[in-house]
Amino acid sequence: MQKNLTYAGAFLALVLLQIFLLDNISLSVYFHPLIYVAFIILLPLDTKPIWMVLLSALLGITIDVMTGMGGLNVIATTATGFLRPFIIKLATGHALGSDVSETSLHRIPEKNFRWYIIAMVGLHSLIYFFMESLSMLHIIHTLLRLIVSDIAAVLFIYYFVKLFIEKILNR
Amino acid sequence: MYKLIEFIRRIYVVLLFIAIEAIALSHYAHSSYYTQAKILSRAHTIAGGVQSSIFGVKHYFTLRGENEVLSQRVAKLEQELAYYRNKDIDEQTDSLSLEGIDPTMAESLSQYRYTTARIISNSISRSRNFITLNRGLMHGVMEDMAVISPSGMMIGYVVGCSERYSVVLPMLNIDFRTSGKIAGDEHFGSIYWSGKSPYRVEMTDLSKHADIEIGDEVVTTGLSHFFPEGIKIGYVESYAINDTQTSYHVTVRLAADMTKLNNVILIENVDYGEIANLENNPQHEN
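Line by line, the protein sequences are chains A and B. Using my numbering, the first residue of the first sequence is number 1, and each one after it goes up by one. Using my numbering, the first residue of the second sequence is number 1001, and each one after it goes up by one.
Heads up, a few of these hints could be off.
Label pairs and their computed distance ranges (CB to CB) [stated by the list, open to error]:
1. S1238(B) with T6(A): 51 to 61 Å
2. Y1114(B) with L27(A): 25 to 35 Å
3. S1194(B) with K162(A): 36 to 46 Å
4. D1144(B) with L21(A): 27 to 37 Å
5. P85(A) with F1061(B): 22 to 32 Å
6. T1115(B) with I147(A): 38 to 48 Å
7. L1025(B) with G93(A): 43 to 53 Å
8. K162(A) with D1185(B): 51 to 61 Å
9. L27(A) with Y1112(B): 29 to 39 Å
10. K167(A) with V1069(B): 42 to 52 Å
Simulated from the structure, these hints should not be mistaken for lab results. Backbone N, C-alpha and C fix where the C-beta goes; we use that ideal spot for every residue, glycine too.
Starting from the given sequences, assemble the full structure and let the hints guide the process.
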């Protein structure tokens, strides 16, 4: 129960940070880090696929309603949540070992853990930015947005997830 | 039957995923800036207080620059007022002098009504950006009101209102369209944002007969029902004639810094309802 509340807290914190802080930073059209995807990243490894899809959709709906984005975030988050098991497999290979009793992200070795975050952030923002532009006309512009925003998002999410699983979840 | 149930049990997550994606895609495809602004203005009835506080802190650090802009604007308006006062003295013999007219009546004679608001949320990093203001229906703000900066530069127009907040479609939204012209010239073109830079917009279909030079001022035409004529949009940064040699494509450097906005002025076209009624009245379609 307490674990669920902790995850609910992370959900709320990420949504609030995205809407009230990052969406209001007027640095550049290329700087649009989507950090709320960290919630999907840090869900336990044994999360049932149905919950992955539903929680990801809930995250997308919340951001869409608060920012008036009309479904764009639901498209990106639900696809990311649905594909997470495949990404974990791809990023970790056989590095996870056979200890199925440990469901925390601690099980993922550091190097694979970084690839896991990069792949999740990359997949999510790839869907988001290409669906937003809906055109191949400005592909260089879209790719630049994707790269700049993803560097910022990966850096933030890496430290956020580390802090969450090491300091908060294992308290 | 058992096999079918077993099959659905195996793929129900995929089915759920496809269903959610299909609904979201359909909703996204049918959403317009109008529906997005409606959702946003409703969301701000919940989150508006927090947004307002956060922007209030940010606002505090820009007060000095903003005061300077306002002082310059006041000085310019004082100068204009002095000009009209002098003109009034020159025309004292004219029986239609405004002296003696009730100020409220003078206001009612004007086509435009002005009010101010503070920005509580502003993004530039999306292709469809919106600005939220801390004034709504209860403060007299309505849809279709023009929004300009304190120094008189064009920002956008109101597309959604709740009781206490309103949502503006700014120039930095790929759905934004208005007409513009080179100051002092009557040929006009269509203004839109390409989504590439927060400092530039594009003007297309400007007649090749237009008198254009780099650095020329680009202003509103008055053909739009939202904006009064002559509101400054920006300056010509570059221009080129199109492939068919019929019109210019102009890159306009924005006069307003859309990344540093705090306060805005809202302009209501008092005659807009009357004009819209006339235009929509089927009796005139002969």
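Cross-check of the supplied hints:
Here the CB-CB span from S1238(B) to T6(A) is close to 54 Å, well matched to the stated 51 to 61 Å. Hint check: Y1114(B) to L27(A), Cβ distance near 32 Å, so the stated range 25 to 35 Å holds. Checking the proposed 36 to 46 Å range against S1194(B) and K162(A) shows it holds: the Cβ atoms sit about 39 Å from each other. For the pair D1144(B) and L21(A), the supplied restraint of 27 to 37 Å holds, since their beta-carbon distance comes to about 31 Å.
Here the CB-CB span from P85(A) to F1061(B) is close to 46 Å, at odds with the stated 22 to 32 Å. Between T1115(B) and I147(A) the beta carbon distance is about 42 Å. The supplied range of 38 to 48 Å therefore holds. At roughly 33 Å, the beta carbons of L1025(B) and G93(A) sit outside the given window of 43 to 53 Å. The supplied range of 51 to 61 Å is met by K162(A) and D1185(B), whose beta-carbon atoms lie about 60 Å from each other.
For L27(A) and Y1112(B), the hinted distance range of 29 to 39 Å is satisfied, since their beta carbons lie about 35 Å from each other. For the pair K167(A) and V1069(B), the beta carbons lie near 45 Å from each other, so the given range of 42 to 52 Å is met.
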